[in-house]
Amino acid sequence: MKFITFLILNFYCVAVIGQNAIFSAKAIHHPITSKYGMVASQHHEATKIGIEILEKGGNAIDAAVAVGFSLAVVLPRAGNLGGGGFMIVHDATSNDTKAINYREIAPKRAHKDMYLDKHKNIDQDKYVFSYQSAGVPGSVSGLCLALQKYGTMTLEEVISPAIKLAEKGFVVTDNLESALKKYQSRLKKWPNTNKIFYKKDGFYEVGDTLIQLDLAWSLKQIAKHGPEAFYNGEIAKKISKDMSNNDGLITAKDLKNYQSKIIEPVWGAYRGYKIATMPPPSSGGIHLIQMLNILEGYPLNYLGQNSSETIHLMTEAMKLAYADRSEYLGDPQFWDVPQQELISKVYAADLRANISQLVTTPSEEISPGELSPYESNETTHFSVVDAQGNVVSNTYTLNFSFGSGIVAKGTGILLNNEMGDFTAKIGASDAYGLIGGAANAIEAGKRPLSSMTPTIVFKDDAFFLATGSPGGSRIITTVMQIILNVIDHNLNIADASHAPRIHHQWYPDILFLEHGISIDTQRGLIAKRHNLKYRNAMGSAQSILKRNGILYGATDPRRPDGATIGVRK
1 MKFITFLILN
11 FYCVAVIGQN
21 AIFSAKAIHH
31 PITSKYGMVA
41 SQHHEATKIG
51 IEILEKGGNA
61 IDAAVAVGFS
71 LAVVLPRAGN
81 LGGGGFMIVH
91 DATSNDTKAI
101 NYREIAPKRA
111 HKDMYLDKHK
121 NIDQDKYVFS
131 YQSAGVPGSV
141 SGLCLALQKY
151 GTMTLEEVIS
161 PAIKLAEKGF
171 VVTDNLESAL
181 KKYQSRLKKW
191 PNTNKIFYKK
201 DGFYEVGDTL
211 IQLDLAWSLK
221 QIAKHGPEAF
231 YNGEIAKKIS
241 KDMSNNDGLI
251 TAKDLKNYQS
261 KIIEPVWGAY
271 RGYKIATMPP
281 PSSGGIHLIQ
291 MLNILEGYPL
301 NYLGQNSSET
311 IHLMTEAMKL
321 AYADRSEYLG
331 DPQFWDVPQQ
341 ELISKVYAAD
351 LRANISQLVT
361 TPSEEISPGE
371 LSPYESNETT
381 HFSVVDAQGN
391 VVSNTYTLNF
401 SFGSGIVAKG
411 TGILLNNEMG
421 DFTAKIGASD
431 AYGLIGGAAN
441 AIEAGKRPLS
451 SMTPTIVFKD
461 DAFFLATGSP
471 GGSRIITTVM
481 QIILNVIDHN
491 LNIADASHAP
501 RIHHQWYPDI
511 LFLEHGISID
521 TQRGLIAKRH
531 NLKYRNAMGS
541 AQSILKRNGI
551 LYGATDPRRP
561 DGATIGVRK
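According to my numbering, the stretch in the sequence shown is residues 1 to 569, in order.
I should point out that these hints are in silico values taken from the structure, not numbers from a laboratory.
A couple of the hints might just be wrong.
With a cut-off of at most 16 Å between alpha-carbon atoms, the simulated EDC-like pairs for lysine to aspartate or glutamate come out as follows [to be verified]:
hint, residue 1, residue 2
1, K533, D509
2, K238, D208
3, K181, E156
4, K56, E156
5, K274, D461
6, K409, D214
7, K108, E443
8, K224, D208
9, K237, D214
10, K220, E156
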């Protein structure tokens, strides 16, 4: 009885302190606040443009589209016109939430064994660093579809700030200078890329101005002619010609046939909160909900944030989910994804029953679950909320940093290498170490599996949290930890974003830790036989939370240049 009383008192005290921490001096990290709207993105210039759109009377969708086009200029390693992604939109007027799938598509000439050499091994350069590594881009289609369906401003109005940034230039940051130096061997070998991102006599340095005139031309074409310019106009002609001249796969017909889609989100529930997130071909939403379902059966609040007990349970849930990912997830237009079974609370209970709280289960003893009838690191995420309650959570990518590294001649547009997200060889690992199965095999017209997990959380049917992150295979676990930190551990959104993270993806059988996990916690995990390894910082979440009518936002400190800004009165 005394033990039960202790549990209740402990839960009450932690919950109350956590809730008050947002408003008191007890918090170590403090969120940005506003009553009137907020933008969180991975580059301060894009965030400022989003805020300017909101302050001019635009809604969250107008601002999000402006941010998306602006990031294509100022964050070339991830922001893009030549990639694709996913968006979750909550329309306050209709109180409806939808997903927009603008993932890239395999060109018509793509086929299952196209990246295998004569010895049936994967040709890595062809797979991810060639004209043949690009899928048909979806970003322009998806952003324009969102604006057409939910926006209030014209395409020209929301693109004009990006045009100005490309035409007049923007100031190079330390982060961009470092990235261009780091990837110079890959980028400089392509003349069109070299001409844009490198000086004749060296590198762009901090404080220099980077001008992208070809990209400005492309943006002007889109502003004037809409997505037609990209998929069946002057931009399409330049892309298809450059592809043809370099043995690429994408044809004019591939571009013309591309379509993004408005679809239903995948919905989950966790401790009284409703979660809207991305369905396949993203694996993120299903496995986010699957892991939360498993963890809902444990008193994480009592066990403590980043304690050895909590991390152990999170790790076991991660391994089970990523094992299922290898077997069951693919483009639902080509593969029968057992979505309802995977997100079933009953299935989660079955999985939970096999978890030992004393010792980890080796990955070799875990296989994809028996279902009964019951991305690169260089992705980027942004979240936008307006005063009327419209919400956008958007993640898009080129896959690797700067994608394939190839700029389509005359366009200024970096091309994705998203074909690398398909399974090039059944049972082999992709670029992120994820095991691939037949569900994600290459087929013409198919969208590759993704980990991108844009997410909106609701409490009592009202908006509570918008979040998402880059990070390749670590996206799903990053988003999960943001949600757990807020809901279970009652951290404010800044503390929740700053807290050290962990990651496990079934194979390799390694529990990755960020620096900041205590030595005592590590000893507890070693005692449970976990194989620990430090790695670089994981993710870059951009999150906005609403409580008592106030918006609280945070930009992840793990990557420089980002900013969260609230609308002024």
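**Report entry** List of violated hint numbers, smallest to largest
**Finding:** 2, 3, 8
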